[in-house]
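**Student:** Here is how the chains run, residue by residue.
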Amino acid sequence: MARPGDLDRALIERDITAFLERQRTKQLLRFITCGSVDDGKSTLIGRLLHDSRQIFEDQLASLAADSRSVGTQGDRIDFALLVDGLAAEREQGITIDVAYRFFATDRRKFIIADTPGHEQYTRNMVTGASTADLAVLLVDARKGVLQQTRRHSYLAHLVGIRHLVLAVNKMDLVTYDKAVFDKIVDDYARFADTLGIEGVVAIPVSGLEGANITAHDRTNMPWYEGPTLHEYLERVPVASAVYQDKPFRMPVQWVNRPDQHFRGFAGQVAAGRIAPGERVRLLPSGRTSRVERIVTMDGDLEAAVAGQSVTLTLADEVDCARGDVIAAADDPPASADQFEATIVWMDEEPLLPGRAYWLKLASQTVSATIQPPKHRVDVNTLAQLAAKTLDLNDIGVAQLTTDRDITFEPYADPDGASANRTLGGFILIDKLTNATVGAGMLHFALRRAQNIHPQALDISPGTRARALGQRPAILWFTGLSGAGKSTIANLVEKKLVARGRHTFLLDGDNIRHGLNKDLGFTDADRIENIRRIGEVAKLMTEAGLIVLTAFISPFRAERQMVRDMCAEGDFIEIFVDTPLRIAEERDEKGLYAKARAGKIKNFTGIDSPYEAPLKPDLRIDTTKLDAEAAAEAVVAALLERLEG
Amino acid sequence: MSQTALTHLERLEAESIHILRETVAETERPVMLYSIGKDSAVMLHLARKAFYPGSLPFPLLHVDTTWKFSDMYRMRERIAEQAGIELLVHRNPEAAERGINPFDHGALHTDLWKTEGLKQALDLHCFDAAFGGARRDEEKSRAKERIFSFRSASHRWDPRRQRPELWNLYNVRHAKGETMRVFPLSNWTELDIWQYILAEGIEIVPLYLAAERPVVERDGMLLMVDDDRFRLAEGEVPQLRSVRFRTLGCYPLSGAVESQADTIEKVVQEMLLTATSERQGRLIDRDAGAGSMEKKKQEGYF
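Same order as they appear, the protein sequences are chains E and V.
Per the numbering used here, the first sequence starts with residue 1, numbered consecutively.
Per the numbering used here, the second sequence starts with residue 1001, numbered consecutively.
Incorrect hints may have been included.
Stated by the list, open to error - Residues of chain V clear of chain E, computed beta-carbon distances all greater than 12 angstroms:
#1 Asn1101
#2 Asp1104
#3 His1105
#4 Cys1126
#5 Asp1137
#6 Arg1229
To be verified - Simulated coverage check for chain E against chain V, where a stretch passes if three residues somewhere in it have a Cβ under 8 angstroms from a Cβ of chain V:
#7 355 to 367
#8 497 to 507
#9 540 to 547
Because the hints were derived from the structure by calculation, they are not lab data.
C-beta atoms are modelled at their ideal positions from N, C-alpha and C, and glycine is treated no differently.
Start from the sequences and build out the full structure, keeping to the hints where you can.
**Tutor:** So this is what it looks like as structure tokens:
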């Protein structure tokens, strides 16, 4: 059977310069392969690599040896062994990730994202598909369209892949029967219609025999007249070209200021085309300017198109920083701070609605909180199910709020031809572990925030603070139940008032019974509890007060959230450090006894965690200081901070 | 409007530049690991493009073993003299003191000079991100390596803590002491590297091209007698043969291939026709059988 590499090979021998010249004009296509090992996926990929001569002799020798010792194909070469992974996974027999593999034909270079087929599937497949132009869905000819085929199709469609290849594999095991193939194609077409998937090409193949992979198998499948897998992969339009027809967008990655005379805005063009002299709008400021030069080390360009990394200079001195977006002046993207989005959860720890996560979209990083999901999607049945949170590998739709406007576009383009991956896709990052915990695709902005304009106030917080003759602050007491937070906070307030300070103490009694009486003690409710207390405390500091709060506030993330809301230095975290054993001994309200008896659920320290501050502004060791001495220490520390 | 899709090299170049800029924008003290090889040469060239007309906003770091080819040291000096380049060289003082060398110490040589040396240098300068020239096509265990590879404060690579990488969005956040290894060439293949070197006229160490060089044959490998520290076994006499190197490291550990290819075009021609994969000439991968590269990576080797 002729290999596509054979033409290349002849040219390489005859005229290497001509060969290299032709290589230079090759295009790149990225695709993902979906299916499980049982579908013959590894064999198919191994075959693609092998038949395009991407396997070198020494690898082939070790492959032959491995095939005999651990392969499943008797004396024949087991191509699946080429698609090998990490030692940990070989030992445990699991595949945990996305592997990227490379091969080339006469016309294109390909990058395959190869994802495994089991539990971690959603996370891995969404990751692999996020950079792919095309998906190859493998179907075992003996089994037909299965639930997993639907799942793969849904996920590929979700991340905006618009070219699908239905590779009906193992045709050799159904005697190359046209009727079998036709039925599978019919079944799939009916399902694809329901999802709105277009552009499906079905190809009957045998990875094992190499049939219709790189060359037609005229002997066994004379009835098939479509392209081979290779032919199709070489021919399908590359998505990156489509982006050039969209309005110009370039997120600013980095401002290049080597000296006072040069100020360039470096970034990768996400969409469209730009030339010197064209008008652009900077977002979020909305200011306009003209592109002066497109600077590269190879000389200035006459135009730049989607996909290129360039440096732009502008005709005017305008403010522009990392995170801004430079866009076509007459067709700019919108900015907003409330959205609906599809979210894919990727972490072992479930999504906590209300908790603040970092959201990164293009070069913008903001703080974002997510509402309880409207629903989650069962990726097998595509049914919409009620959900309070999202667990690892769950996909759901939820509203989210960012702490400032971000410049964005809906991920799914209305024309259906391509997705706005750069300005519509985002990742979520846990603020404490820094792990990437989720990914999302923006649907649209919610109008609410746009109609509530911040009221311009004539009297500023500074004016009010000066009128009271003090610098406001939040004294945030945190610690276990019974640690002594309220007792100490009460004493501190008395001492401050005695010194003529204006204060307010927020504690369980005036909050839990009023503002927050709708909240319980689940993790999500505890987060919302602290968020509201933080907002109230912040309003009171803006009124000029010194606010004292006495709440367990068990999670670091929420204490950090309140700190982030406040002006630098206004939030003073006081850790009332009492060991659990001692707090439990005191047990003045009898709560620990009830919790131990199982009468109170989610009790901090018993069956709900307390995350002690790592770097509190002040730590009170109640085993060493009594309440009076502790209060003195707090007052001293506060006065030093505010007046020192 | 007419559409001209970018070529694969243009897309790879743009992606690498994006990665380089993202790292500089989001980390405190990045550094580029400069190994003097052809991949380093390409990475350095891309970095110049990324920050042009400015100079590089980070230093280069060569983790030296004192056993590189003399041609490599000459190349390093030429690079160090160029405008806008700050080149740091680190040699593990412990390895120097103990006289660690590739003849007596086997795997310990790589471990102390390279793995430990790299950790020392990163700690010494408090670098939080280090660019490396590794590619996913080099070796099977690298096929799953992230572009931004996360390392603990003790430089360990934990496969379970690697972050998913979606679109071209990279999560560069890390706690104090933790570091990232960043691989801007992840999606390049060996052929891409050669094509790019040709297209851009990038200078590489002459050892990549065939020339008459003094070699001895040992355990099926051709080793170059690059200086008088090379220990000849009994009966071994260096012979002049036309050889070139596919990868460069410590000269007593780098196998040469016999070749007449004295231009880059001919090297590519030979590479495509003879078909032996790139790392095959390197002794380091054979130390511990299958999975040895992964083990090295966990320990902190690049």
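**Student:** So, for every hint listed, does it hold in this structure?
**Tutor:** Hints versus structure:
At the 12 angstroms boundary, the C-beta of V/Asn1101 stays outside the reach of chain E, the nearest C-beta of that chain being 28 angstroms off. In this structure V/Asp1104 is separated from chain E by more than 12 angstroms, as the shortest Cβ-Cβ distance comes to about 29 angstroms. Here V/His1105 stays apart from chain E, with its beta-carbon at least about 25 angstroms from theirs, past the 12 angstroms limit. At roughly 18 angstroms from the closest C-beta of chain E, the C-beta of V/Cys1126 stays outside 12 angstroms, upholding its exclusion from the interface.
For V/Asp1137, the condition that its CB be more than 12 angstroms from all CB atoms of chain E is violated, with the nearest at approximately 5 angstroms. With 12 angstroms as the threshold on Cβ separation, the claim that V/Arg1229 sits away from chain E holds: the shortest Cβ distance comes to roughly 30 angstroms. Note: the stretch 355 to 367 of chain E has 5 residues with beta-carbon separation from chain V under 8 angstroms; the three-residue rule is met and the coverage holds. For a cut-off of 8 angstroms, the count of residues in the stretch 497 to 507 of chain E with a CB near a CB of chain V stands at 0, and the three-residue condition is violated.
A stretch counts as covered by a chain when three or more of its residues have a beta carbon under 8 angstroms from one of that chain; for the stretch 540 to 547 of chain E and chain V the count is 0, and the coverage is violated.
Taken one by one, the earlier hints fail for this structure at numbers 5, 8 and 9, listed in ascending order.
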